[in-house]
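Undergrad: Just need the whole structure built from these sequences, with the hints factored in.
Chains A and B, in that order, give the protein sequences.
Residues in the first sequence are numbered from 1 upward in steps of one, following this note's numbering.
Residues in the second sequence are numbered from 1 upward in steps of one, following this note's numbering.
Don't take every hint at face value.
Identical chains share a label here; the pair holds if one copy fits it or two copies do between them.
[Claimed, not checked] The calculated lysine-lysine pairs, modelled on DSBU-like cross-linking and capped at a C-alpha distance of 35 Å, are:
{"id": "1", "residue 1": "Lys132", "residue 2": "Lys181"}
{"id": "2", "residue 1": "Lys291", "residue 2": "Lys103"}
{"id": "3", "residue 1": "Lys37", "residue 2": "Lys103"}
{"id": "4", "residue 1": "Lys216", "residue 2": "Lys291"}
These aren't lab readings, by the way, just hints derived from the structure by calculation.
Protein chains: 2
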Amino acid sequence: MPNVSIVLGIDIGGTNTSFGFVDRAGNIVAELSMETKPSDAVEDFVSRLHHRIEEVRTGLPSHHSLCGIGIGAPNANYYRGTIEKAVHLSWGETVDFAGLIKKYYNIPVSITNDANAAALGEMLFGNARGMKNFMVVTLGTGLGSGIVVDGRLLYGSRGFARELGHTVVDPMGRQCRCGKKGCLETYASATGLVKTALLLITERCDPSPLRAMDSKEITSKMIFDLAREGDAIALEAFDQTAKILGMKLADAVALTGPEAIFLSGGLSMAGDILLKPTQQYMEDFLFSAYKGSVKLMLSGMAPGKSAILGAAALIWGELDL
Amino acid sequence: MPNVSIVLGIDIGGTNTSFGFVDRAGNIVAELSMETKPSDAVEDFVSRLHHRIEEVRTGLPSHHSLCGIGIGAPNANYYRGTIEKAVHLSWGETVDFAGLIKKYYNIPVSITNDANAAALGEMLFGNARGMKNFMVVTLGTGLGSGIVVDGRLLYGSRGFARELGHTVVDPMGRQCRCGKKGCLETYASATGLVKTALLLITERCDPSPLRAMDSKEITSKMIFDLAREGDAIALEAFDQTAKILGMKLADAVALTGPEAIFLSGGLSMAGDILLKPTQQYMEDFLFSAYKGSVKLMLSGMAPGKSAILGAAALIWGELDL
Numbered sequence: 001m002p003n004v005s006i007v008l009g010i011d012i013g014g015t016n017t018s019f020g021f022v023d024r025a026g027n028i029v030a031e032l033s034m035e036t037k038p039s040d041a042v043e044d045f046v047s048r049l050h051h052r053i054e055e056v057r058t059g060l061p062s063h064h065s066l067c068g069i070g071i072g073a074p075n076a077n078y079y080r081g082t083i084e085k086a087v088h089l090s091w092g093e094t095v096d097f098a099g100l101i102k103k104y105y106n107i108p109v110s111i112t113n114d115a116n117a118a119a120l121g122e123m124l125f126g127n128a129r130g131m132k133n134f135m136v137v138t139l140g141t142g143l144g145s146g147i148v149v150d151g152r153l154l155y156g157s158r159g160f161a162r163e164l165g166h167t168v169v170d171p172m173g174r175q176c177r178c179g180k181k182g183c184l185e186t187y188a189s190a191t192g193l194v195k196t197a198l199l200l201i202t203e204r205c206d207p208s209p210l211r212a213m214d215s216k217e218i219t220s221k222m223i224f225d226l227a228r229e230g231d232a233i234a235l236e237a238f239d240q241t242a243k244i245l246g247m248k249l250a251d252a253v254a255l256t257g258p259e260a261i262f263l264s265g266g267l268s269m270a271g272d273i274l275l276k277p278t279q280q281y282m283e284d285f286l287f288s289a290y291k292g293s294v295k296l297m298l299s300g301m302a303p304g305k306s307a308i309l310g311a312a313a314l315i316w317g318e319l320d321l
Numbered sequence: 001m002p003n004v005s006i007v008l009g010i011d012i013g014g015t016n017t018s019f020g021f022v023d024r025a026g027n028i029v030a031e032l033s034m035e036t037k038p039s040d041a042v043e044d045f046v047s048r049l050h051h052r053i054e055e056v057r058t059g060l061p062s063h064h065s066l067c068g069i070g071i072g073a074p075n076a077n078y079y080r081g082t083i084e085k086a087v088h089l090s091w092g093e094t095v096d097f098a099g100l101i102k103k104y105y106n107i108p109v110s111i112t113n114d115a116n117a118a119a120l121g122e123m124l125f126g127n128a129r130g131m132k133n134f135m136v137v138t139l140g141t142g143l144g145s146g147i148v149v150d151g152r153l154l155y156g157s158r159g160f161a162r163e164l165g166h167t168v169v170d171p172m173g174r175q176c177r178c179g180k181k182g183c184l185e186t187y188a189s190a191t192g193l194v195k196t197a198l199l200l201i202t203e204r205c206d207p208s209p210l211r212a213m214d215s216k217e218i219t220s221k222m223i224f225d226l227a228r229e230g231d232a233i234a235l236e237a238f239d240q241t242a243k244i245l246g247m248k249l250a251d252a253v254a255l256t257g258p259e260a261i262f263l264s265g266g267l268s269m270a271g272d273i274l275l276k277p278t279q280q281y282m283e284d285f286l287f288s289a290y291k292g293s294v295k296l297m298l299s300g301m302a303p304g305k306s307a308i309l310g311a312a313a314l315i316w317g318e319l320d321l
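TA: Written out as C-alpha cells, the structure reads:
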C-alpha cells in the first residue's frame, strides 16, 4: 500500500483543545478533543497533549506518515512561533509553543492565530479555493479576522492576525475586553448580539419572550430562534448587528480589496438572518468602484471541523509551495 | 562616458501634468509641467505630452538611455493599464492609457494611482527605505492611500489604490464627492479642514480673524497660519481633524499592520500641528499589541517632487526585481 502523507492540526482554546490527522484532500482521518486546563503549566499541557496525540496516532493505519504539525491558538505569533499574552491561558507573557512541540516531534511545526488558520483552511479546503484575495471573519465570543492578499496571509510587520475585531465603531461605546471602548467585536459577535438585544428590551416597547428571561441566561442561539419566529426585538438586534458589521466590512474592503468575505464561527450559523442584511448594509457603504463586486458568504467548512482543518492547512499550504 | 539608465515619471492631474527624467538614485535630471486641458480628447493629450517629452529629452546628455515610463494618475488601474471613470478628466469610462503611450515608446510602461506611486516613491527614495510594511497617506483636496505589505503594493482583487479616504467616519455625516456620506476624506484633507473650521465658527464663540473672511476664500494654509499664532478656532479645527484621522489610522493599522505611516500632500505641510495630535489620537485608539509600535512621520520626498519620483519608482521598482 502506498505511503500517505498526513498533517496533524491542533486547535488550542481556553476550554478545550482538539486535534486531528488531516490528509491533503481535507479529510480528518482521526481526531480527539481534550480539556485544556489553562491553569496547568504549559510544559505539563504539552506533555499531556503529546500522550493523547500518540494514543490516536498508534491507531492510524501504518501507511500514514506524519509530515508536519500546524497549530491554531489565540494570540499566536507566526514569525516567532510563540503564544503571547493570551488572556484565557495562564502561560505568561510569551511561550515558545512551537519550540515545546518540537521537543517531541522533529518535523515542521507552525503556529498561527485561529482566525488566520480559518483563512488558510478556507483557501485549501473551503469556499475560497482558487481565490487570491479574500477575508475570513470568525464571529464567536469575539470577532477574529484573517486576510489573504495575493494568495498569502497578511501578517503585517508584527506577525499577528489582523484585528478587524478591534477597529473602532464608537469611541464612546461599549467597553471591550481589550481595554478600549467601542471595538467592533463588542457589537458584531455572539456576545455583542446579546448585549444589543438586552439594550433593545430597555429601549423599545415591543412584546418579546426575551423580557421574561433572566438576562444572564440569554444566548445568541435564543435570539436567533426568536428571530426566525418573527420576534421584533430579536430581528432588530440582528439588523443592528448587521448594520455595524456591514459598515466595518465595507471599510475593510476599501483597505484590502478582497473578492469575497467568508463568515464563520457560532454566530454565522444564523445564516441568512445575519448574512442578507449584512450584505445589503455593506453594499450601502461600499466605495462606488467596489459596489456589487464583493461576495459575502458562509464558510465552506463544517463548523466543528474548521479549526482542525485550518490548523492543518497551515502546514499543507507550506508543503505546497 | 558610461551609459546611464533613466526612467520617465509622469504625474497626471486634473489641472496640470508634470513629468521628469529620474535616475536610479532619485535625482530628477530634467522636468517640465504643462496644462492637462482635461476637456481635450485623450489622443490629443497624449500627442501633446509626447511632443513636450521629446523637447526635454533632446536636451538630455547623450549618454542617458530611457528604459521605462511610469505614470501616476487618478483612478488608474495597474493590472489593466487603464484610467477609469476619472471625474476630473473627460476621457470617458475606460482609457487604455498605457497602450496610448506605448504607441510612441516601445519600452516598459506602467501606470498606477497617484497614492500608490507616492508609496513606491517613499520606499525607493524617501523615508520608507528598507521597510517592508508601511502606508502612505496623501492629504490634499482628497485623501489618497497606498499600502505596502511584504515589500509589495497592496492592490487587492481589482487593481486600484486602497481607499482609506472612503472609509466611513459617520454614515450620517458630510456629503462626499463619491456619492456616499461621511467618508474620511470629507474630514481629513485640506478641504475637510476648511469645512471643520467653518462649522466651528458657527458653533463656537471664540474670536478669530476667520470670522471676518469670506468663507469661500478660506484655505487650509490660512487656517495653518492662524493655528501657529494660537487662534482657538484654527487649533480646534486641526485637533478635530487629527482625532478623526488618528482613529481611522488606528483601524488601518489593525487591518494591515504597518511599521510606519507617512503623511504627504499639501495638508501634511502643517507639520507638527497636525502630526503630533494625530499620533496621540492614533495611539489612544490602537489595539494593545500595536501601541507604541507604529511611527507616524512626514514623507521624505520634497512636496513638489514626490509625484514625479513616485511615478518613476513604479518602473525602478520593477527593474530592481
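Undergrad: State for each hint whether it applies.
TA: Going through the hints against the structure:
1. Lys132 - Lys181: Both, since 34 Å and 31 Å are each at most 35 Å.
2. Lys291 - Lys103: between (51 Å within a copy, 33 Å between copies)
3. Lys37 - Lys103: within (21 Å within a copy, 69 Å between copies)
4. Lys216 - Lys291: between (40 Å within a copy, 34 Å between copies)
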